[in-house]
Amino acid sequence: YTVDLGDGPRLVDNDEEWWMAILSNQMMEMMATRLLVGDSTSMYSSTTIPNDSDGLMKLLTMSYDCV
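Okay, so the sequence shown: first residue is -7 according to our numbering, each after it adds one.
Possibly wrong hints are sitting among the right ones.
[To be verified] Quick list of simulated restraints, FRET-style, between CB atoms: (1) D46 / V4: 33 to 43 Å; (2) Y56 / M23: 17 to 27 Å; (3) D57 / V(-5): 30 to 40 Å; (4) M54 / S34: 12 to 22 Å; (5) N17 / L51: 12 to 22 Å.
No lab work stands behind these hints: they were computed from the structure. By construction, the Cβ of each residue, glycine as well, lies at the ideal position given by its N, Cα and C atoms.
Make the full structure from the sequences, and use the hints.
Rendered as C-alpha coordinates:
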(Lines of atoms letter the chains of each structure in order from A and count residues from 1; the text may use other names and numbers.)
(Lines give C-alpha, C1' and ligand atoms only; values in the text may rest on other atoms or scores of the structure.)
Protein backbone atom coordinates (compact mmCIF):
# COMPACT_ATOMS: atom_id res chain seq x y z
CA TYR A 1 0.00 0.00 0.00
CA THR A 2 0.99 3.62 -0.36
CA VAL A 3 -0.25 6.51 1.76
CA ASP A 4 0.21 10.24 1.27
CA LEU A 5 -0.17 12.34 4.40
CA GLY A 6 1.07 15.55 2.79
CA ASP A 7 4.76 14.69 2.44
CA GLY A 8 4.38 12.67 -0.74
CA PRO A 9 3.48 9.00 -1.24
CA ARG A 10 5.08 6.50 1.13
CA LEU A 11 5.08 2.72 0.89
CA VAL A 12 3.80 0.85 3.95
CA ASP A 13 4.65 -2.78 4.55
CA ASN A 14 1.57 -4.20 6.21
CA ASP A 15 -2.09 -3.63 7.05
CA GLU A 16 -1.35 -2.56 10.62
CA GLU A 17 0.99 0.22 9.52
CA TRP A 18 -1.52 1.35 6.88
CA TRP A 19 -4.34 1.59 9.44
CA MET A 20 -2.11 3.51 11.86
CA ALA A 21 -1.25 6.00 9.12
CA ILE A 22 -4.90 6.50 8.16
CA LEU A 23 -6.13 6.81 11.76
CA SER A 24 -3.39 9.25 12.74
CA ASN A 25 -4.20 11.37 9.69
CA GLN A 26 -7.89 11.44 10.66
CA MET A 27 -7.00 12.38 14.23
CA MET A 28 -4.79 15.27 13.10
CA GLU A 29 -7.50 16.52 10.76
CA MET A 30 -10.10 16.37 13.54
CA MET A 31 -7.87 18.28 15.97
CA ALA A 32 -7.04 20.93 13.38
CA THR A 33 -10.74 21.39 12.62
CA ARG A 34 -11.52 21.82 16.31
CA LEU A 35 -8.74 24.39 16.67
CA LEU A 36 -10.36 26.44 13.92
CA VAL A 37 -14.08 25.98 14.51
CA GLY A 38 -14.47 24.40 17.93
CA ASP A 39 -17.39 25.43 20.08
CA SER A 40 -16.77 26.28 23.74
CA THR A 41 -20.37 25.38 24.64
CA SER A 42 -20.01 21.73 23.60
CA MET A 43 -17.76 19.26 25.39
CA TYR A 44 -15.47 16.44 24.39
CA SER A 45 -17.01 13.00 24.89
CA SER A 46 -17.00 11.79 28.51
CA THR A 47 -15.26 14.96 29.77
CA THR A 48 -16.08 18.45 30.99
CA ILE A 49 -13.48 19.95 28.62
CA PRO A 50 -14.86 22.43 26.05
CA ASN A 51 -14.55 21.58 22.36
CA ASP A 52 -12.45 24.60 21.35
CA SER A 53 -8.76 25.43 21.01
CA ASP A 54 -8.24 26.02 24.76
CA GLY A 55 -10.04 22.79 25.54
CA LEU A 56 -7.97 20.90 22.98
CA MET A 57 -4.72 22.11 24.58
CA LYS A 58 -6.06 21.10 28.01
CA LEU A 59 -7.01 17.67 26.66
CA LEU A 60 -3.61 17.14 25.01
CA THR A 61 -1.63 18.26 28.06
CA MET A 62 -3.75 16.55 30.72
CA SER A 63 -1.84 14.43 33.20
CA TYR A 64 -3.29 11.24 34.59
CA ASP A 65 -2.80 9.76 38.04
CA CYS A 66 -2.18 6.09 37.32
CA VAL A 67 -1.98 4.04 40.49
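- [ ] Against the earlier hints, flag every one the structure doesn't satisfy and list their numbers going up.
- [x] Of the numbered hints, all hold.
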